[in-house]
Amino acid sequence: MDRTAWILGIVLLIVGLAIGYFAAGPGAAKTVTQTVTQTVTQTATVPTVTTPPAKEIVVKVGVLLPLSGDSALIGQEDLRGIQLAALHINQSKYENIKFKIKLIIADTQTKQDVGVTELRRLDQEGVAAVLGAYNSAVTYPTAGEAEKIGLPYVDPEAIADRITAQGWKYVFRTCANASKYGYDAVWALYDMAKAKGVQIKTVAYIYENSDFGVFTISGVNKTLREFFPDAKVVYEESYPAGQVTSMDDMVAKLKAANPDVVFHVAYLNDAVLFVRTMKKLGWYPKVAYMGVGAAGQARQEFIDQLGKDADYVFTDTEWQPDFLTSKSLAKWAWINEDFKRIYGRDMVGSSALNYAGAYALAVAIQKALDSGANPNDLVSFRRAIRDALESLKIPAGELPLMPWGVDFTKAPNHQNPEAAVAMAQILEGKFRIVWPLEFAPVEPVLPAPNWGSRS
1 MDRTAWILGI
11 VLLIVGLAIG
21 YFAAGPGAAK
31 TVTQTVTQTV
41 TQTATVPTVT
51 TPPAKEIVVK
61 VGVLLPLSGD
71 SALIGQEDLR
81 GIQLAALHIN
91 QSKYENIKFK
101 IKLIIADTQT
111 KQDVGVTELR
121 RLDQEGVAAV
131 LGAYNSAVTY
141 PTAGEAEKIG
151 LPYVDPEAIA
161 DRITAQGWKY
171 VFRTCANASK
181 YGYDAVWALY
191 DMAKAKGVQI
201 KTVAYIYENS
211 DFGVFTISGV
221 NKTLREFFPD
231 AKVVYEESYP
241 AGQVTSMDDM
251 VAKLKAANPD
261 VVFHVAYLND
271 AVLFVRTMKK
281 LGWYPKVAYM
291 GVGAAGQARQ
301 EFIDQLGKDA
311 DYVFTDTEWQ
321 PDFLTSKSLA
331 KWAWINEDFK
341 RIYGRDMVGS
351 SALNYAGAYA
361 LAVAIQKALD
371 SGANPNDLVS
381 FRRAIRDALE
391 SLKIPAGELP
401 LMPWGVDFTK
411 APNHQNPEAA
421 VAMAQILEGK
431 FRIVWPLEFA
441 PVEPVLPAPN
451 WGSRS
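Under the numbering used here, the letters of the sequence shown match residues 1 to 455, in that order.
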């Protein structure tokens, strides 16, 4: 290589080194690639889904009672019991009943024809069922009309046997029938007389002449042979309760016959008149005067009108506040307390029976609703209520106020076989339970003192 080529090579080498130096020199920054992971919380906008409350179910229930006429006082008492039951149901006091009740009230005026007319009106107003009608003579034709219509009819208090002896499919009775009232009255007398060592040799029957009186005394007479086979009936007389204005002749005949016991089936006015007449004529049965059927003598007005003269009278009764002193029934005391708060006094048998009957019907209506029955399809809904009543079973202790239950599963005639009657005696101006013994806080006074030996 000549000298010129060598020098050129050296120059090119120096230039190359210089370029490399400045390209990668100490002032160049180091490139760092950094991956940053950031957690981002994202709040999604989710639409709020509000489930509207279920539409409240309101069921119309017809109430058919004598709110005027001869039986108005008792009819109004019955209505108080039904209204209180409806109030408690509508206040959701019972967890097993979810619907609300609307009462449609009708007045029978204590008349059969008016009762039937009002029953038809209730049907036209679209009631799902009916409660009624206190008087047996009115209940029988109105229940028969309900049967024709296909309208469930619950009888909480009318007791004539024939009401549930027709094979009717839509008619149900929650209380005892007249035969049972008569049976329990004689049974109570037997137990009390045995406990007191008192003999019963002669009896008399006095009764108002409607279905109520006739069927009840029939029950007494049949039972008398079972418990007192040697007792003789020394006097018997019936009368029209709404028309009787004097009982002087009747009581004079009784005084002459002088029976140990008088069984009397009466409404309020005739019961009061009978006791006043006994006092006027200076006579009282040697052992007991017994009101049967839990009607006139079982009314608070009976005591109010007679004062001390009502003392020692015995009466069938379906319910008295004494029941609430028993362990099994004390849990229902709140019902009577509510009644006192509203009406200023204790419940009586009529109001308690109708409360219990209204509750039993409400349980059946709830069963029908639970089965899927549509309240807007009235014909099928009524049929479902009928079916629910036929399968209704409420054990003793679960029926409000009452020491018995309801069991229509054992009742092809729809007469509640669980229903029973107690015996009360008026002592110091109050109804006191004296039988059955497990519900009796006091002992009966037997024989009852005659007028001359009373203070």
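By construction, these hints were calculated from the structure, which means they are not laboratory data. In this text, all values refer to a predicted model and were calculated from it rather than measured experimentally. Treat the hints with caution; some may be incorrect.
What the hints assert, rightly or not - Here are the simulated lysine-lysine pairs, DSS-like style, with alpha carbons at most 30 angstroms apart:
(1) 60 / 100
(2) 60 / 331
(3) 196 / 255
(4) 255 / 55
(5) 169 / 222
Cross-check of the supplied hints:
At roughly 9 angstroms between alpha-carbon atoms, residue 60 and residue 100 fall within 30 angstroms of each other, so this suggested pair holds. Pair hint residue 60 plus residue 331 holds up; C-alpha atoms about 29 angstroms apart against a cutoff of 30 angstroms. The suggested pairing of residue 196 with residue 255 holds, with an alpha-carbon distance near 24 angstroms, which does not exceed 30 angstroms. A threshold of 30 angstroms between alpha carbons decides the hint, and for residue 255 with residue 55 the separation of about 66 angstroms lies outside it, so the pair is violated.
A hinted pair counts as satisfied when its Cα atoms are at most 30 angstroms apart, and residue 169 with residue 222 qualifies at roughly 28 angstroms.
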